[in-house]
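Trainee: Protein sequence lines correspond, in order, to chains A and B. My numbering numbers the first residue of the first sequence as 1 and each following residue consecutively. My numbering numbers the first residue of the second sequence as 1 and each following residue consecutively.
No wet-lab data here; the hints were simulated from the structure. Not one of these hints is a red herring.
Which stretches of chain B does chain A cover? Using the computed rule of at least three CB atoms under 8 Å from a CB of chain A, they are:
hint, region
1, 168 to 177
2, 183 to 196
Simulated pairs of lysine to aspartate or glutamate, EDC-like, Cα-Cα distance not exceeding 20 Å:
hint, chain 1, residue 1, chain 2, residue 2
3, A, K92, A, E117
4, A, K92, A, E77
5, A, K17, B, D95
6, A, K93, A, D66
7, A, K37, A, E77
8, A, K17, B, E96
9, A, K93, A, E175
10, B, K170, A, E117
11, A, K40, A, E175
12, A, K29, A, D66
13, B, K170, A, D100
14, B, K170, B, E96
15, A, K37, A, E175
16, B, K170, A, D66
Bear in mind the structure is a predicted one, so any value in this text is a computation, not a measurement. We put the beta carbon where it would ideally sit given N, CA and C, even for glycine.
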Amino acid sequence: MSPLVDIHHLSVHFPVKSGLLQRPTGVVKALDNVSLKIEKGSTLGLVGESGSGKTTLGRVIVRLVDPTAGSVSYQGERISALSGSSLRPYRKKIQMVFQDPYNSLNPRLRIGTILAEPLEIHFPRMSASDRSDRVSELLRLVGLDPTHARRFPHEFSGGQRQRIGIARALAVEPEFIICDEPVSALDVSVQAQIVNLLMDLQEKFNLTYLFIAHDLAVVEHVSDQIAVLEHGKLVEEGSSEQITTQPTHPYTQRLLASIPSID
Amino acid sequence: MKVRLLLLTLGLIVAASLVGPVVSPHTVSEVSTARLAPPSLHHLLGTDLHGRDLLTRLLYGGRISLLVGFVGASVSLFVGVTYGLIAGYWGGRADEAMMRLVDILYALPRIVLVIVLITLFDLKLKTLLDGTFLSSLAPHARLLLLFVGLGLVEWLTLARIVRTQVLSIKERPFVLSARLMGQSTPTILFRQILPQVFPIVLTYLTLALPAVILEESFLSFLGLGVQAPLASWGTLLADGAALLNPIETPWWCTLFPALLLTSTLLILNFLGDQLRQPQK
Numbered sequence: 001m002s003p004l005v006d007i008h009h010l011s012v013h014f015p016v017k018s019g020l021l022q023r024p025t026g027v028v029k030a031l032d033n034v035s036l037k038i039e040k041g042s043t044l045g046l047v048g049e050s051g052s053g054k055t056t057l058g059r060v061i062v063r064l065v066d067p068t069a070g071s072v073s074y075q076g077e078r079i080s081a082l083s084g085s086s087l088r089p090y091r092k093k094i095q096m097v098f099q100d101p102y103n104s105l106n107p108r109l110r111i112g113t114i115l116a117e118p119l120e121i122h123f124p125r126m127s128a129s130d131r132s133d134r135v136s137e138l139l140r141l142v143g144l145d146p147t148h149a150r151r152f153p154h155e156f157s158g159g160q161r162q163r164i165g166i167a168r169a170l171a172v173e174p175e176f177i178i179c180d181e182p183v184s185a186l187d188v189s190v191q192a193q194i195v196n197l198l199m200d201l202q203e204k205f206n207l208t209y210l211f212i213a214h215d216l217a218v219v220e221h222v223s224d225q226i227a228v229l230e231h232g233k234l235v236e237e238g239s240s241e242q243i244t245t246q247p248t249h250p251y252t253q254r255l256l257a258s259i260p261s262i263d
Numbered sequence: 001m002k003v004r005l006l007l008l009t010l011g012l013i014v015a016a017s018l019v020g021p022v023v024s025p026h027t028v029s030e031v032s033t034a035r036l037a038p039p040s041l042h043h044l045l046g047t048d049l050h051g052r053d054l055l056t057r058l059l060y061g062g063r064i065s066l067l068v069g070f071v072g073a074s075v076s077l078f079v080g081v082t083y084g085l086i087a088g089y090w091g092g093r094a095d096e097a098m099m100r101l102v103d104i105l106y107a108l109p110r111i112v113l114v115i116v117l118i119t120l121f122d123l124k125l126k127t128l129l130d131g132t133f134l135s136s137l138a139p140h141a142r143l144l145l146l147f148v149g150l151g152l153v154e155w156l157t158l159a160r161i162v163r164t165q166v167l168s169i170k171e172r173p174f175v176l177s178a179r180l181m182g183q184s185t186p187t188i189l190f191r192q193i194l195p196q197v198f199p200i201v202l203t204y205l206t207l208a209l210p211a212v213i214l215e216e217s218f219l220s221f222l223g224l225g226v227q228a229p230l231a232s233w234g235t236l237l238a239d240g241a242a243l244l245n246p247i248e249t250p251w252w253c254t255l256f257p258a259l260l261l262t263s264t265l266l267i268l269n270f271l272g273d274q275l276r277q278p279q280k
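Could you put together the complete structure from these sequences and hints?
Mentor: Okay, structure coming up:
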């Protein structure tokens, strides 16, 4: 069976401009010839330090960033070559949960409106009352009260906002969710709740995750497979157990050694 | 509390300008033999060289000054916000080109630009309007040019402010999220981005309004703005200043227009200050 997501020799280069005339003087290789496969229903953990290209990889898949070379295929379709309206069906299948819960919700819209927006776009024939029912259902799904729909984002804690962000991603009934450091801005106690919520939802809806994080301990807990990025290059890939118990690459070993432990 | 007092005073000035000329026992251009009469019960703020009631003229001039200020500021608001939104959101080369144009316009003396605009197009617009169904507007061609001209020189700062804001807002996750749920660009601009710049725009409006009123007064003072029989605070001030001489000083003709103009400008600036403070 072919994988759900197939990343094929993907490179993303950003030109570096300098001087008065802003001439390109070099390139930053955010991603350099990366190939990865993600199976349906599984979780691929993507680890690496800041600047290793993890976020860029997620953004290429959802087409916020265009690749310099290589391709991304989803169910066999090369989505990295699509544009405009042909991309639209994939906007419904692929969603994203962001790192910063304080900036991921429009501060001037009520939670009900925020959750209804994706419904208006992808289910245009849904009636207003069906929509508000669906919003209540989404809030319950992520462990919030349906009456919260009337509130504004600033009335919620970081963890609650992250739940709302997850509800928004779920609204369009996606198959694949990219979680871009979904817990790194949260307290440790809240981190566990959000990670468990994501895992429950995965089981319930047979979701596929790309779980991006810099914290190997969290990634190990959620992932089936783990890929390690360093300076845009894929340095190691393997099953979660293999990577965390027998890392072969020195960079992975360093990352593992950097997990703080209480001894 | 302070804001309420400021708003109340401003409301009073606006209301008096709207209602005053209607309820006043004198009309704007009614000439009398009581020339340069000092303030009295009959003429509360005295009369001018032609014996016209100064209070009535001041309130009437307020209509023009406030109208020019409001329309001018609105034009600058509309142009500046649209320009800044487009430049900031599209970015890249379009942004570069648009911002260089702003730099060039910034380098030009702006009031001179308005003066050139008025002198060049005043007559042309008048004849143009005369031939159409808008002929009733023809006598006010210069006023229309003032609206447009002052608005078009005031938008530059706002365009820069809005663009800078949009550059940072468009990278925020909630905008990215809107993009990858497939929301259209106009919806993103109006629903996600515009509400975030709104507080700054509102603050800027309270600064643009007095700026335009002041520029209008300045142009009218020079005789280039509002023309008789219309009057504005600027022309009244100019009339008053022309009467100043060492022998006989009709102080009311200068003091009251200046007082009204400065207090209005100060109120608007104070309001802007209050809006700029972080909200509790």
